[in-house]
Structure formats: structure tokens, C-alpha cells
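Protein chains: 2
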Amino acid sequence: MRHSPIAAAVLTNADIDHVAGLLTLRESQPLAVYATDRVHGVLEANAVFRVVNPDLAPRRAMALDRPWVPADAAGTPFPFEIEAFAVPGKVALYLEDPSAAGFGSVAEDTVALRIRDRNGDGEFFYIPGCSAMPGWLADRLRAAPLVLFDGTTWTDDEMIRAGTGSKTGQRMGHMAMSGPDGSIAAFAGLGVRRKVFVHINNTNPALLDDSPERAAAIAEGWEIAHDGMEFTL
Amino acid sequence: MRHSPIAAAVLTNADIDHVAGLLTLRESQPLAVYATDRVHGVLEANAVFRVVNPDLAPRRAMALDRPWVPADAAGTPFPFEIEAFAVPGKVALYLEDPSAAGFGSVAEDTVALRIRDRNGDGEFFYIPGCSAMPGWLADRLRAAPLVLFDGTTWTDDEMIRAGTGSKTGQRMGHMAMSGPDGSIAAFAGLGVRRKVFVHINNTNPALLDDSPERAAAIAEGWEIAHDGMEFTL
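Chains A and B, in that order, are what the protein sequence lines are.
Taking my numbering, the leading residue of the first sequence gets 910, the next gets one more, and so forth.
Taking my numbering, the leading residue of the second sequence gets 910, the next gets one more, and so forth.
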């Protein structure tokens, strides 16, 4: 008997690496799908996502900037609340309108999640895509117990130099790990207790166990996420 | 350096198991994509497939009922020709119009491929989806050296009995392997030299090495495809 333990999904972006996973969860099994109206609009506009049967996998609107309690497809609430908020990012690459300023990005294209235990004070941030660290975001993350953060590239132009793509990390809506404008520098001094890079591109040398780049990230207090990682708050 | 050895793809259907693979071939690398106008229309209507950059992965129309020579993205022809022809099948499930007869299927929804060596007489048929074996199709396959054929289910209602779905194989556009209307019976007496089941659902007991169903298929001269299988004509 086929089974997925995943009872709900929260989509923080409509780009392919954030939505294609739905296509592998398409068996006839309950699943609650949360997203902004903007991202739900992309799912609606692409009939291929109907393979995740909306009768069994209800699509639910996710409000921004106020906490809400997610529930499974049957309506049973989870023991945590989520607050979603827009962060600097980008419209999905395949939806770009080259004639529009910023390639057509709007505020709901890329969101961060703050997830908090409803029965305690444990909380963490999940921010797999973020293209800049404005002061308000740094203030918001200050002293957080755990932040999972966008680790797409080590340097902004690494995909071009590796010959695997023509776009910079910034052009794809991501800040690099390294450099004066990078995430490692941006988090320095914020006092975040545990910092974990996620959403790491396969051109990023920090993925390699024995790379000097990984050693540099670890020396700055970062961890590199791996499959099966578990967190206790 | 990321690399895919796949230089071209021929889509025989727009259902998710025939098109979702494109989303994992999306790196910036040349790829020729052949399909009927009907299937290309589905790719066009689902912007998510633009992640396979049409500038690098040209979408080419595939004619039915006459041989053509495929070429890679740069235009270099392959040493074989393809003839595509419609077989009994179904519109992609996620595109069904319940108000239309046959759920809206049209002739180009499901096609078979005959692939023939341009420098010799080797040829084979690739038919991953087929819901019935009319006389004209049996005649066409008679004495073929190799046929790769739709092996989705063993019995028509196995997904319902397994509790993994609400649809029969027929309802999904597939003929079962077993039974008087099944593919094993339909191929008996056709004199096909090598018969290989492909596109096998994970509810099909013939997938299991030690099942009586697999033994029964083998006894009737069939092979069960596996990853990495190679064929010499």
C-alpha cells in the first residue's frame, strides 16, 4: 500500500524547485496545500497540478503578516502556528515578463515562514529563498533560536563560471553565502543561535564535505543541511 | 559540470508520467522535444514547462502516419527514423472534460512509435500506453522483432482492490496484462519475436521477481523491463 507521511505542504514560492514536488505526491491521499493567492494562481494556471486532486488535496489561502494555525486535509489542526511574510525575492523564472520592472515580481512571490509551537515557546524561521537582507529582516531574525536560510550559491556568479547556467544568483532571487553582501556577513552579529543553510545548488562548493568553503561557513557558525536532518527546539 | 546524455525526447502522451520528466531535464543544455500538436498544446498551456528553455530545447511537431528523421537541437539527424501513429488511449487525466464523450480524448492523445534503423532493417515498436488491441494494430505488430508494450496493470481493477486509487486500468487508458481482453492474450499468435512490458504500475504483481504473475508472463514469452535494460536489434 502506497503511503506518504506528508499531511500538508506550505509553498513559499512558485518556482519549479518549490512546486514540482507536488507532482510526486499525487497519489490519492489527503494533503492540505497552503500558499499565497499569487502562488495558488500559478497552480490554477497550470492544469498539470490537477494531478494533485483538489478533492483530496484542498488548496488553502495563506495570509501574510499574521499567525494562522495549519490543519490537515480533514481539518485537524497541527500543534504549531505559522506566520508568513514577504522577503526580497523574485517571480518564478518561468513566469518572468521581460517587459515588466523587476521581471514582474510582486510581494507574494517569495515568502519566509516563522513556525512557532502552540504549546511552548519554541520557534524557527524557514527562508529557502531570499535575495537581500534589509534592516527590518535582520531585526526580525535577531536572536532567533534557529533559522534555515537560502544557501543557493557560494558566490553570485558561480553558475556562469561553472558553465552550468547564464544567470547570477541575484538574478535568480538568491543572495550568495560569501562576500560582503552575502548571507554569512549579513548574519554576523545577529546572535541567531543555530544557522542552517538549505536550498543549496549543486554548483555550491559548500556542499562538499571537505571543501574550504564549507570549512569557512562552519567557522562562522553555520551548518549545511542534509537529507534526514532533524531539529529539536 | 552537470550533463545529461539525452539529446532528444519524443513524447507519446501528455499524462504526468510522460511529461514530468522534462522538469528534471531543465538545466541549460540542448534538447529536441518532439510531440504531436495536441501534446505541444499542453506544454504551451502549462507555463511550468518553460523551465525547459525553448531557446535551448526547441519544440518540434511530430507528424503521424509517415516516417520522419529526428535530429538533435543543433539539427544533426539521428541514424534512425520514427513513425508515430495513434493508438487507443485517453486524454491526460488532469485534462479530462467530464462533460465530453470519452472524457475529451482525441486521436493524438496517445501515440505509438515505430523506430527503424536508417542503415539496416532493424526496427522496434514503443507503445507505453494502449487501451485496446484492434485488428489493425495486431496486424501491424505481427512478426515484429521487438515490441515494448504498456504493462500498467495485471488486472483491470487492481488499484481499486489495493486501495491505492479509484480508477480501473481501462479508465486510465491501459489494457491489463492478464485475462481474455488482456495484452498477453492479444499478443498470443502474433509471432512477435521479443515482447517486453514497460510502464508498469507499482500495484502490478508482475513487478515482483518471485510472483506467480511474473512467472505466468514469462511463460507466455514476455520480459519485464528494468532500469538500464539495453536492446540489440
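If you are wondering where the hints come from, they were derived from the structure by calculation, not from laboratory data.
These figures come from a predicted structure and were not determined experimentally.
Any given hint could turn out to be false.
The list treats identical chains as one, so a pair stands whether inside a single copy or across any two.
Here are the simulated SDA-like pairs of lysine to any residue, each with C-alpha atoms no more than 20 Å apart in a straight line [as the list claims (entries may be wrong)]:
1) K1076 to L973
2) K1076 to L1002
3) K1076 to P997
4) K1076 to A1041
5) K1076 to R959
6) K1076 to G1088
7) K1076 to R1051
8) K1076 to I1127
9) K1076 to A1124
Results for each hint:
| no. | hint | verdict |
| --- | --- | --- |
| 1 | K1076 to L973 | neither (29 Å within a copy, 38 Å between copies) |
| 2 | K1076 to L1002 | within (11 Å within a copy, 36 Å between copies) |
| 3 | K1076 to P997 | within (17 Å within a copy, 44 Å between copies) |
| 4 | K1076 to A1041 | within (17 Å within a copy, 48 Å between copies) |
| 5 | K1076 to R959 | between (31 Å within a copy, 16 Å between copies) |
| 6 | K1076 to G1088 | within (18 Å within a copy, 55 Å between copies) |
| 7 | K1076 to R1051 | neither (31 Å within a copy, 52 Å between copies) |
| 8 | K1076 to I1127 | neither (27 Å within a copy, 51 Å between copies) |
| 9 | K1076 to A1124 | neither (26 Å within a copy, 53 Å between copies) |
Going down the numbered hints, you'll see the structure goes against 1, 7, 8 and 9, while the others check out.
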